[in-house]
Amino acid sequence: MKKKLYTLSLTCSREMDCPKEVVMWNYYDHEHLIGTHYKLYDHARVIAEKDDWALVYRSKKAPFLPLWTGGLALQRMEGNVMKTTHQDLIGFLLEMEAKFEDLPNDRCRITSSYRIDVHPFFKIFEPFFKKAFTYWFHATWEEDEPMRLRRWKVHKLGFKDFHGIDYINKKLPKLEKINYPKYEFNPPVKIFSTINTQDGMDRPFNSSVEIGYND
Amino acid sequence: MSTENTIKVKKEEGTEAIYQFLSTIEELKKCDGQLTKWIDDHDILLYEFEGQFKAISNICRHFGGPVGYHKAKNGVFTCLWHNWQFSCKDGSNLTHCGLPLRNYDIKIVDEKIYINLLG
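From first to last, the protein sequence lines stand for chains A and B. Taking this note's numbering, I'd label the letters of the first sequence as residues 1 to 215. Taking this note's numbering, I'd label the letters of the second sequence as residues 1001 to 1119.
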């Protein structure tokens, strides 16, 4: 007989000034965890990946607590929804869904829902769950937002992955009008590191003097 | 004709190169010797290294990340997004050698740093 469980759940939503495909790229890019989010993650490893799914191990800092926890995550795309199932070291299974919607004028909305089925005893932790995951959603958003906006900005300037921008590299005058293609998201994101080996990838440092973005 | 924001320099072959105002040396020193600025859709990373002022592209050749987000450590820039590394000496790529950052020609006149976006 199935045990009676209680569901802790939370939904957060925000809008971005870029197409949804840029945000999908960002969500699906495993290497940026120990780059852009170097203060929140210290190790990442892609154990297996094919097309639009990946099994990833990552070590991250727990919200509000001086703890680092490792856990496995299975991430997969189902249409415009990215589904991620995490299992942390304690054994809880966290189901996360990120829904990507187009808005007019190259804008989009992302709605993330988090859900954990727990023993009814853990109902008393519901306020902490909501606070921790609200914090996590917004903390990672703040770090990702300038990345997405910059990615969209350089795309509109003609940036090509592993190449750059022609008028910059070739020292040419910039064209009056740049015809950039529609931003496409074609998983998996190309990997050019050790993240998909047994070693995985560690963040290069845990502290930095940040000059910051200028976009 | 030069203006306050640009200077023109005659090249050997008789053509003129236009340099645009980028920063003052004072501003760069205030930023601890490293700053980034967008000028006419060029993202420039200006810095002082081993007593020399240098300007390179701040756009990582990988996915377009900000190379100069972190202050350089031990003569190396580490791009924020995916940790690609570049030499402060010449912008060469220490992660994937075939993809260096573009170097810009700069001129210093009266404590002001000017950049040639085509040079």
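There may be inaccurate statements among the hints.
What the hints assert, rightly or not - Each pair of labels, with its calculated beta carbon distance range:
(1) A:Pro104 <-> B:Lys1071: 26 to 34 Å
(2) B:Phe1049 <-> A:Asp117: 49 to 57 Å
(3) B:Glu1026 <-> A:Leu74: 48 to 56 Å
(4) A:Lys156 <-> B:Glu1026: 32 to 40 Å
(5) A:Leu65 <-> B:Trp1038: 48 to 56 Å
(6) A:Gly70 <-> B:Lys1071: 42 to 50 Å
(7) B:Cys1031 <-> A:Lys171: 52 to 60 Å
(8) B:Lys1008 <-> A:Glu78: 57 to 65 Å
(9) B:Lys1011 <-> A:Asp161: 31 to 39 Å
(10) B:Glu1016 <-> A:Leu175: 40 to 48 Å
(11) A:Pro204 <-> B:Ile1025: 41 to 49 Å
(12) B:Ile1025 <-> A:Phe128: 50 to 58 Å
To be verified - Below are the PhoX-like pairs computed for lysine-lysine, each with C-alpha atoms no more than 20 Å apart in a straight line:
(13) B:Lys1029 <-> A:Lys171
(14) B:Lys1073 <-> A:Lys39
(15) A:Lys39 <-> A:Lys50
(16) B:Lys1054 <-> A:Lys170
(17) A:Lys182 <-> A:Lys156
(18) B:Lys1029 <-> B:Lys1089
(19) A:Lys171 <-> B:Lys1107
(20) B:Lys1008 <-> A:Lys171
(21) A:Lys171 <-> B:Lys1010
(22) B:Lys1073 <-> A:Lys171
(23) A:Lys174 <-> B:Lys1073
(24) A:Lys50 <-> A:Lys83
(25) A:Lys130 <-> A:Lys160
(26) B:Lys1073 <-> B:Lys1107
These are calculated hints, taken from the structure and not from any lab test. Even glycine gets a Cβ: it sits at the ideal position worked out from N, Cα and C.
Hint numbers contradicted by this structure: Checked against the structure, the hints that fail are numbers 1, 5, 6, 7, 10, 11, 13, 15, 22, 23, 25, 26, while the rest are satisfied.
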